[in-house]
Amino acid sequence: MSAKAKRPDVLAASADLRRRTLTHTSGSLDCMIYLASMRDYNTGLYVHQGLAARFSPEAASEALANCHRECFRELVSLELKDLTEQLDLYMRSTGTAPRDFLRSWKDLEPYRVAVPVGTDSLMAQFLFSNLKIALAILEHQHSRVPEPAPVA
Amino acid sequence: MMQLVIFLAVAVGLLVLLLVAMRRQPLHAAGSAGELVTAKRTLESLQLGLLPAELVDQIFGERDFAYVAAIGSNEIRSLFLSERKCLALTWIRRVRKQVAALKEFHVSRSRMFSQMSRWKELSLAFDFKALEVRCRVLQLLLLWRGPYAASGFARRTAAAAGRVCSILDQSLAFLTPSIPVSLGTESDADGWMV
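Residue numbers (the working numbering), protein chains in the order written: chain A, 6 to 157; chain B, 226 to 419.
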């Protein structure tokens, strides 16, 4: 952790973010994707209006970046079984039909842009590889369960 | 008389060359400071990024394999094995590359900065060589037999690399207060970033 990250306002903003928002996510994968969506791809800075209003835009951005790195570390440390469960939970939470979700995740690989900046390439490769296998496992599981018939 | 003048001129010339060479010493030392910092970063990248037992366990551990095997799909099993093989090969390539960078530093520069005895230096050179051979053998095993054929050997190789790193770390310990740990995680010797 850098010296900048230890600033009291950043720590307070991180605690606030965890308490108010991240506790409502379904797991580390949901958390990582949510935090990645807070990042401006043009500047690399994280934007959260509520947090910036309570603290400062810089403290909010730093807090979001810290939490993003934390979620990534948690996700990488998961066993494949737990990661598959998290992916399943995330898939259900989106409300998308499993077949559509699995197809678009396999084709688009959206998780590739969801990792924090400065992530070690081996760790990122490890996560991508595990997600690829988890998707194959979920696809296998869903192929064995017949899709529910549409209600007339 | 003429011979004496020529002799003195040559002597003065040599003396001037010697003085010039001596004055160039600080420039050389400045260049080496960069190498020291690079060596320290490479060392940290190895110790914190590639060699921790948790990472080695994640790549070579068999719990994930057992989970995949229990699913009972040959397709998923093959995908898993090919992904892990690729990951294990990336890991060993990076370990080899960074060990080679550290060895290069040790051979060319470390003597200027460390208070190592000749015996310790020789022993470290031997350790480096043994580690290089180990890494090469492991790479061949991974290529030939896959990620789970040599998981014990991979763990022992990581432990051996860790031991060499700690010996080298002691000789670079004087740099520790000036270089924050985070530097090692921002960029490794390969400069591989996402």
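If you are wondering where the hints come from, they were derived from the structure by calculation, not from laboratory data. Predicted, not measured: the structure shown is a model, and the values here were computed from it. Do not rely on the hints blindly, as some may be mistaken.
[Claimed, not checked] Think about it this way: if two alpha-carbon atoms lie no more than 20 Å apart in a straight line, the pair counts; the simulated DMTMM-like pairs of lysine to aspartate or glutamate are:
{"id": "1", "chain 1": "A", "residue 1": "K86", "chain 2": "B", "residue 2": "D282"}
{"id": "2", "chain 1": "A", "residue 1": "K137", "chain 2": "B", "residue 2": "E308"}
{"id": "3", "chain 1": "B", "residue 1": "K310", "chain 2": "A", "residue 2": "E63"}
{"id": "4", "chain 1": "A", "residue 1": "K86", "chain 2": "B", "residue 2": "D394"}
{"id": "5", "chain 1": "A", "residue 1": "K111", "chain 2": "B", "residue 2": "E346"}
{"id": "6", "chain 1": "A", "residue 1": "K86", "chain 2": "B", "residue 2": "D352"}
{"id": "7", "chain 1": "A", "residue 1": "K111", "chain 2": "B", "residue 2": "E300"}
{"id": "8", "chain 1": "B", "residue 1": "K310", "chain 2": "B", "residue 2": "E300"}
{"id": "9", "chain 1": "A", "residue 1": "K111", "chain 2": "B", "residue 2": "E308"}
{"id": "10", "chain 1": "B", "residue 1": "K322", "chain 2": "B", "residue 2": "D352"}
{"id": "11", "chain 1": "A", "residue 1": "K137", "chain 2": "B", "residue 2": "E346"}
{"id": "12", "chain 1": "A", "residue 1": "K137", "chain 2": "A", "residue 2": "E63"}
{"id": "13", "chain 1": "B", "residue 1": "K354", "chain 2": "B", "residue 2": "D394"}
{"id": "14", "chain 1": "A", "residue 1": "K137", "chain 2": "B", "residue 2": "E287"}
{"id": "15", "chain 1": "A", "residue 1": "K86", "chain 2": "B", "residue 2": "E279"}
{"id": "16", "chain 1": "A", "residue 1": "K137", "chain 2": "B", "residue 2": "D394"}
{"id": "17", "chain 1": "B", "residue 1": "K345", "chain 2": "B", "residue 2": "D394"}
{"id": "18", "chain 1": "B", "residue 1": "K310", "chain 2": "B", "residue 2": "D282"}
{"id": "19", "chain 1": "A", "residue 1": "K137", "chain 2": "B", "residue 2": "D352"}
[Claimed, not checked] Pair ranges (Cβ atoms, derived):
{"id": "20", "chain 1": "B", "residue 1": "E329", "chain 2": "A", "residue 2": "A17", "range": "41 to 49 Å"}
{"id": "21", "chain 1": "B", "residue 1": "G297", "chain 2": "A", "residue 2": "S31", "range": "24 to 32 Å"}
{"id": "22", "chain 1": "B", "residue 1": "C311", "chain 2": "A", "residue 2": "L113", "range": "18 to 26 Å"}
{"id": "23", "chain 1": "B", "residue 1": "S307", "chain 2": "A", "residue 2": "D112", "range": "17 to 25 Å"}
{"id": "24", "chain 1": "B", "residue 1": "S307", "chain 2": "A", "residue 2": "E79", "range": "40 to 48 Å"}
{"id": "25", "chain 1": "A", "residue 1": "R78", "chain 2": "B", "residue 2": "R361", "range": "37 to 45 Å"}
{"id": "26", "chain 1": "A", "residue 1": "R78", "chain 2": "B", "residue 2": "R388", "range": "38 to 46 Å"}
{"id": "27", "chain 1": "B", "residue 1": "V332", "chain 2": "A", "residue 2": "R12", "range": "36 to 44 Å"}
{"id": "28", "chain 1": "B", "residue 1": "G297", "chain 2": "A", "residue 2": "H29", "range": "32 to 40 Å"}
{"id": "29", "chain 1": "A", "residue 1": "R149", "chain 2": "B", "residue 2": "E260", "range": "54 to 62 Å"}
[Claimed, not checked] Residues of chain B clear of chain A, computed beta-carbon distances all greater than 10 Å:
{"id": "30", "residue": "V230"}
{"id": "31", "residue": "L243"}
{"id": "32", "residue": "G259"}
{"id": "33", "residue": "G274"}
{"id": "34", "residue": "L275"}
{"id": "35", "residue": "I284"}
{"id": "36", "residue": "V293"}
{"id": "37", "residue": "S298"}
{"id": "38", "residue": "I301"}
{"id": "39", "residue": "S348"}
Note that beta-carbon positions come from the ideal geometry of N, C-alpha and C, so glycine has one too.
Hint-by-hint comparison with the structure:
This hinted pair checks out: K86 of chain A and D282 of chain B have alpha carbons roughly 15 Å apart, not beyond 20 Å. The hinted pair formed by K137 of chain A and E308 of chain B meets the criterion: a straight-line CA distance of about 9 Å does not exceed 20 Å. Note on K310 of chain B and E63 of chain A: the hinted pairing is violated, with a Cα-Cα distance of about 42 Å set against a maximum of 20 Å. For the suggested pair K86 of chain A and D394 of chain B, the alpha carbons sit about 37 Å apart, so the restraint of at most 20 Å is broken.
Of the pairs offered as hints, the one joining K111 of chain A and E346 of chain B is violated, with about 52 Å between alpha carbons and a cut-off of 20 Å exceeded. Of the supplied pair hints, the one linking K86 of chain A and D352 of chain B is violated, its CA atoms being roughly 38 Å apart against a limit of 20 Å. A threshold of 20 Å between alpha carbons decides the hint, and for K111 of chain A with E300 of chain B the separation of about 16 Å falls inside it, so the pair holds. For the proposed pair K310 of chain B and E300 of chain B, the alpha carbon gap of about 15 Å is at most 20 Å, so the pair holds.
Taking the CA atoms of K111 of chain A and E308 of chain B, the gap is near 15 Å; set against the 20 Å cutoff, the hint holds. For the suggested pair K322 of chain B and D352 of chain B, the alpha carbons sit about 16 Å apart, so the restraint of at most 20 Å is met. Restraint check: the Cα-Cα separation between K137 of chain A and E346 of chain B comes to about 46 Å, which exceeds 20 Å; the hinted pair is violated. Among the hinted pairs, K137 of chain A with E63 of chain A is inconsistent with the structure: their alpha-carbon atoms are about 35 Å apart, more than 20 Å.
Between the alpha carbons of K354 of chain B and D394 of chain B the distance comes to roughly 18 Å, so the proposed pair stays at or under 20 Å and holds. Distance hint between K137 of chain A and E287 of chain B is fulfilled; the C-alpha atoms sit about 18 Å from each other, no more than 20 Å. Using a Cα cut-off of 20 Å, the hinted pair K86 of chain A and E279 of chain B holds, with the two alpha carbons roughly 17 Å apart. Under the criterion of a C-alpha separation no larger than 20 Å, the hint pairing K137 of chain A with D394 of chain B is inconsistent with the structure, at around 38 Å.
This hinted pair checks out: K345 of chain B and D394 of chain B have alpha carbons roughly 13 Å apart, not beyond 20 Å. The hinted pair formed by K310 of chain B and D282 of chain B meets the criterion: a straight-line CA distance of about 14 Å does not exceed 20 Å. With a C-alpha separation of about 38 Å, the suggested pairing of K137 of chain A with D352 of chain B is violated against the 20 Å cut-off. Roughly 46 Å separates the CB atoms of E329 of chain B and A17 of chain A, a value that falls within the hinted 41 to 49 Å.
For G297 of chain B and S31 of chain A, the hinted distance range of 24 to 32 Å is satisfied, since their beta carbons lie about 28 Å from each other. A hinted range of 18 to 26 Å for the beta carbons of C311 of chain B and L113 of chain A is consistent with their spacing of about 21 Å. Hint check: S307 of chain B to D112 of chain A, Cβ distance near 20 Å, so the stated range 17 to 25 Å holds. Here the CB-CB span from S307 of chain B to E79 of chain A is close to 26 Å, at odds with the stated 40 to 48 Å.
Here the CB-CB span from R78 of chain A to R361 of chain B is close to 31 Å, at odds with the stated 37 to 45 Å. Under the hint 38 to 46 Å, the C-beta atoms of R78 of chain A and R388 of chain B, about 26 Å apart, miss the expected range. A hinted range of 36 to 44 Å holds for the C-beta pair V332 of chain B and R12 of chain A, which are about 43 Å apart. Range check, G297 of chain B to H29 of chain A: Cβ separation about 36 Å, and the 32 to 40 Å hint holds.
Remark: the range hint 54 to 62 Å for R149 of chain A to E260 of chain B is upheld by a beta-carbon distance near 58 Å. Once the 10 Å rule is applied to beta carbons, V230 of chain B is consistent with being away from chain A; the minimum gap is 65 Å. With a least CB separation of 46 Å from chain A, L243 of chain B remains clear of the 10 Å interface cut-off, as annotated. Every Cβ of chain A is farther than 10 Å from the Cβ of G259 of chain B; the closest lies at roughly 22 Å, confirming the non-interface assignment.
Residue-level check failed: G274 of chain B sits 6 Å from the nearest beta carbon of chain A, not beyond 10 Å. Remark: the non-interface label on L275 of chain B conflicts with the geometry, its nearest Cβ contact in chain A lying 7 Å away (cut-off 10 Å). With 10 Å as the threshold on Cβ separation, the claim that I284 of chain B sits away from chain A is violated: the shortest Cβ distance comes to roughly 7 Å. For V293 of chain B, the shortest C-beta to C-beta distance to chain A comes to about 7 Å, within the 10 Å cut-off, and the non-interface label is violated.
Distance to chain A contradicts S298 of chain B as a non-interface residue, since its nearest Cβ pair spans about 5 Å, not more than 10 Å. I301 of chain B, annotated as away from the interface, has a beta carbon of chain A within 10 Å; the closest lies near 5 Å. The claim that S348 of chain B is not at the interface with chain A holds, since no C-beta of that chain comes within 10 Å of its own (minimum 30 Å).
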